[in-house]
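Listed below, chain by chain, are the residues.
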Amino acid sequence: MLRDLFQRYRQSLLLTLALVLPIASMYWHGKTRTESTFVERGLLAITSPFTQLNHDAIEATRKMAQRYVFLSNVEQHAEVLERENRVLLGEALKSRAIGEELQRVKELCEFKAEHRDFTTVPARVIGRDVSQFFQVMRIKIDTDGLIGIKEGMAVITDDGVVGRIDRVSQGFADVMLVTDARSQVHATVPGKGVIGSVKGNGKRNEFTAQFVHLDKLDRGAPLAAGDAVLTTGHDRVFPAGLEIGHIADAAPTQSGPYQEFVLAAAVSYATLEEVLIVTGYHGPDADAPPSPTAPAAAPAADAKGRRTVDPANTPDSPP
Amino acid sequence: MKPFAWILLAFLALALLSPLLGHFDSQFFAPDIALLTALYAGSRTSTPTAVFVGFAVGLLKDGLSLSVPVGLYTEVGVLAALLGRFLEPRVDLRSAVPVMATSAALSLAATVVFLLLEAVFHRAFDAYGDVLRMALPLALITMLVAPPWFGLLDRVTGRFEHPHRSGLLGRK
Numbered sequence: 001m002l003r004d005l006f007q008r009y010r011q012s013l014l015l016t017l018a019l020v021l022p023i024a025s026m027y028w029h030g031k032t033r034t035e036s037t038f039v040e041r042g043l044l045a046i047t048s049p050f051t052q053l054n055h056d057a058i059e060a061t062r063k064m065a066q067r068y069v070f071l072s073n074v075e076q077h078a079e080v081l082e083r084e085n086r087v088l089l090g091e092a093l094k095s096r097a098i099g100e101e102l103q104r105v106k107e108l109c110e111f112k113a114e115h116r117d118f119t120t121v122p123a124r125v126i127g128r129d130v131s132q133f134f135q136v137m138r139i140k141i142d143t144d145g146l147i148g149i150k151e152g153m154a155v156i157t158d159d160g161v162v163g164r165i166d167r168v169s170q171g172f173a174d175v176m177l178v179t180d181a182r183s184q185v186h187a188t189v190p191g192k193g194v195i196g197s198v199k200g201n202g203k204r205n206e207f208t209a210q211f212v213h214l215d216k217l218d219r220g221a222p223l224a225a226g227d228a229v230l231t232t233g234h235d236r237v238f239p240a241g242l243e244i245g246h247i248a249d250a251a252p253t254q255s256g257p258y259q260e261f262v263l264a265a266a267v268s269y270a271t272l273e274e275v276l277i278v279t280g281y282h283g284p285d286a287d288a289p290p291s292p293t294a295p296a297a298a299p300a301a302d303a304k305g306r307r308t309v310d311p312a313n314t315p316d317s318p319p
Numbered sequence: 001m002k003p004f005a006w007i008l009l010a011f012l013a014l015a016l017l018s019p020l021l022g023h024f025d026s027q028f029f030a031p032d033i034a035l036l037t038a039l040y041a042g043s044r045t046s047t048p049t050a051v052f053v054g055f056a057v058g059l060l061k062d063g064l065s066l067s068v069p070v071g072l073y074t075e076v077g078v079l080a081a082l083l084g085r086f087l088e089p090r091v092d093l094r095s096a097v098p099v100m101a102t103s104a105a106l107s108l109a110a111t112v113v114f115l116l117l118e119a120v121f122h123r124a125f126d127a128y129g130d131v132l133r134m135a136l137p138l139a140l141i142t143m144l145v146a147p148p149w150f151g152l153l154d155r156v157t158g159r160f161e162h163p164h165r166s167g168l169l170g171r172k
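So the protein sequences, as listed, match chains Z and Y. Note that my numbering has the first sequence beginning at 1, numbered continuously upward. Note that my numbering has the second sequence beginning at 1, numbered continuously upward.
FYI, nobody ran anything at the bench for these hints, they're computed from the structure.
If the Cβ cut is set under 7 Å, some of the chain Z residues that face chain Y in the computed set are:
(1) GLN11
(2) ALA18
(3) PRO22
(4) TYR27
(5) VAL39
(6) LEU43
(7) ILE46
(8) PHE50
(9) THR51
(10) ASN54
(11) ILE58
(12) ARG167
(13) ASP174
Ranges between beta-carbon positions, derived for each pair:
(14) LEU132(Y) / LYS31(Z): 19 to 27 Å
(15) LEU144(Y) / GLN7(Z): 40 to 48 Å
(16) ASP235(Z) / LEU12(Y): 32 to 40 Å
(17) ALA5(Y) / LEU53(Z): 12 to 20 Å
(18) LEU12(Y) / ARG62(Z): 12 to 20 Å
(19) GLY148(Z) / VAL97(Y): 49 to 57 Å
From the derived model, a few chain Z residues whose C-beta atoms are all more than 10 Å from chain Y:
(20) LEU5
(21) ASN85
(22) ALA92
(23) GLU114
(24) PRO122
(25) VAL212
(26) HIS234
Backbone N, C-alpha and C define an ideal beta-carbon position, used for all residues, glycine too.
Please construct the entire structure, taking both the sequences and the accompanying hints into account.
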């Protein structure tokens, strides 16, 4: 009897289930929560190895293609020279790749050594969110299982702020970039007497910053193009004194009491390969409020032309 | 076996898309492979199978995009498969031009459904303007990729079916 009923309405039942299950899942997952659900962890665990596999395959193909082009070029040379050149150039390419990787790791290590007030763990970027509407990237955490990575933890590089952990499971995590429209970071411009927030606007390398002057007496020089925008640490996610970006256009738009500026990102998200996850912050003045009117830390350019900020001169960083 | 082959192919394409988007920094120009696979399944199989394929590819896309509440792309996949079933006797989804037109229209419709479901189930979401801005480019790129994708799936289907059946990429 029951079997007959099931057979008769099997298709309708299947259809109803297929339509209702996702809705129930959306209702359940749409609620604000601090931890990933078992469904999200399961999906991340299933899909991430394939993403990594494809990432490795693409890298291998790219390297093979580069090598082929190189081999085609040296065919015109004499046989001995060709062989020597091939070896030497191969070594050079290999050395350069190793050198570039070492340089990146060295910069991250130096950054880590300079900032002993927060602990970090390294991670590698393996992919991007396949949804076109979000600025999210996927990373593989190198120290899987050693340190508990949680949602909401800050992700940074030696260049500045990258984003925060959105979802995490078994050595993989999704990072919501600061350019994502859902992202908001508390920020200041040192020495200018302003405080506010930086919001992502869904574009690749651009944000919007809203600043308000604290007090007429405290007001510093007007904000100018190129001024570095730093984290204050007030949002309890990003350590203070990290660069978010710099003001791209000094002409602000007035939005209520706020002045709105367009910022250019400090980090190039497209070429990002290694990142650091901030797992703990224990600076001596981690709880102290920042002083946005402290002496301006004029951002100097280093050898790479990158803007650097002296942490000692920034308003929020620990001594 | 056919539906599993389609799902596997779609999953591999989506998983390949994820690191490719990172390499070429071309997130805004990614075709909606999951949607196309669901539409294809709807146009080529029975309703339960089509719904199963739409559900599975949607769920896998959810897995590769945890920015949305899990289930959103699954729902879109199921609806696309059902629409494919509805269109199957009415539109010739074996020729390139109708496939392109249907894919573009379906992509735009999927964006609307996406916005509606985000509005209802994802309170923290507020990037409606960005989604609307990208709806048309997404529909165009999905439209361009639709014929080769259908052709590829036809070839896979051909492995399981009669060898003389023709598909979008010609007689096999």
